[in-house]
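**Student:** Build the full structure now, drawing on both the sequences and the hints.
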Amino acid sequence: MKTDELIELLARGAGPAPRAVVARRLAAPALGGLGLAAMLAAGIGLLPMELLASSGMLVKQAYAAALAAAAGLWLARIVRPAAPEGVQRAAVIAVFAAMLLAGAMLLMAVPDEQRSMVWMGRSWRSCPWLVALLSLPALALLLTALREFEPLQPRRAGLAAGLLAGALGMGGYALHCPEQSPTFVAIWYTAGVLLIAALGAALGPRLLRR
Amino acid sequence: MGDNAESPQAFEAALAALWRRGRDGDEAAYAESLRLLARRLRGWLMRRLGDRPDDVEDLLQETLLALHLQRGTWLAEVPVTAWAHAIVRHKLVDLWRRHGRTDALHDPVEALDELAHAAPADPRPAQRDLHKLMDRLPEKQRRAIALTKLQGLSVAEAAGESGDSEANIKVLVHRGLKRLAELVQAEREQAAQRAATR
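Residue numbers (the working numbering), protein chains in the order written: chain R, 1 to 210; chain H, 1 to 198.
Treat the hints as calculated values from the structure; they're not laboratory data.
There may be inaccurate statements among the hints.
Ranges between beta-carbon positions, derived for each pair [unchecked claim]:
#	chain 1	residue 1	chain 2	residue 2	range
1	R	87	H	178	41 to 47 Å
2	H	97	R	87	51 to 57 Å
3	H	163	R	20	26 to 32 Å
4	H	93	R	123	29 to 35 Å
5	H	13	R	86	21 to 27 Å
6	H	168	R	123	49 to 55 Å
7	H	186	R	54	50 to 56 Å
8	R	46	H	35	27 to 33 Å
9	R	122	H	193	53 to 59 Å
10	R	69	H	82	25 to 31 Å
11	R	45	H	193	37 to 43 Å
Where is the CB? At the ideal position from N, CA and C, for every residue including glycine.
**Tutor:** Shown next, in the form of structure tokens:
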């Protein structure tokens, strides 16, 4: 087939370019991942009602939502060839920074003898691993959806997908986790997110490239 | 076809105007923008595939297919030239990787000046025949593409002919072109393997 013939073929009946391709491709996997994280959290034990409605829960969900939004927007830029993504990447870092700052300030505000309880809580050993575990379905769904784009930067795409999956996993895990301290969340939930982000970055080049 | 005098900025301006019209549904403008891109990218590839001139037209066709399939990823603030460039560069690096060349491209940020050179007038023909590859598509996809793109039927007419819904026709065409791109890639990988074991 001559190249001119191919061009004619591609253009004929092509119609307008598809809109919002990234959002349409990633919305279902993200929601599905969140749902599965919530189900897994319920599986290991849902919190009683008064803790589900606490201010601690609000902080956790706000952090998760902010990170999910920032990571999602960054991922949407990464999969667009030649698109600038500095602003979006900075927003992700800003979300982490804000949470760490809030956690640090809270830690400073409590008397010395309460500090270790505030930042270690009771479940610091298991928390990051459980956050990462609950993020796995989201990561699997997102990486599968991303194959459609064949991103030019597969490692970075995997990393951002991992951050998004981690945010969704955090949101689910919060439904099980009884810890109330934002400092705890800032350290151990973040650690879980970074674990799954590292996994995403490692899998990106393998799964997102032919 | 010599347009050596055109600056990269003028080229981008002309291309972007056509590309936007194509994005909004003007198929003639879309075809013209693909033709402009094809000439530029062919020159770009010829300068880098001096040792494998027979691969130029095939890689160009593969790139055009990718550009079409990824139309939706273009963002208004990105120059179309840069967007298309990122895709062709990715394809070239992939080709090199499969043929054992491990050094990366040394020009990660393409200077726009580079694109001011026009392509030579006489490209070598493609080695691969996409018609033959299209015959290997699943029947429903092949038929949807044949009806809408070879016979020129509208989506509605094609739907009537085949008994599928209009939405389904569009999905079949898209999947068919994606499958075509995958077949092209698979063929290229096999060719690379044969060359390596020779």
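**Student:** State for each hint whether it applies.
**Tutor:** Going down the list of hints, with the structure as the test:
no., hint, verdict
1, R:87 to H:178: 41 to 47 Å, "violated (31 Å)"
2, H:97 to R:87: 51 to 57 Å, "violated (31 Å)"
3, H:163 to R:20: 26 to 32 Å, "holds (30 Å)"
4, H:93 to R:123: 29 to 35 Å, "violated (46 Å)"
5, H:13 to R:86: 21 to 27 Å, "holds (25 Å)"
6, H:168 to R:123: 49 to 55 Å, "holds (50 Å)"
7, H:186 to R:54: 50 to 56 Å, "holds (55 Å)"
8, R:46 to H:35: 27 to 33 Å, "violated (60 Å)"
9, R:122 to H:193: 53 to 59 Å, "holds (56 Å)"
10, R:69 to H:82: 25 to 31 Å, "holds (27 Å)"
11, R:45 to H:193: 37 to 43 Å, "violated (52 Å)"
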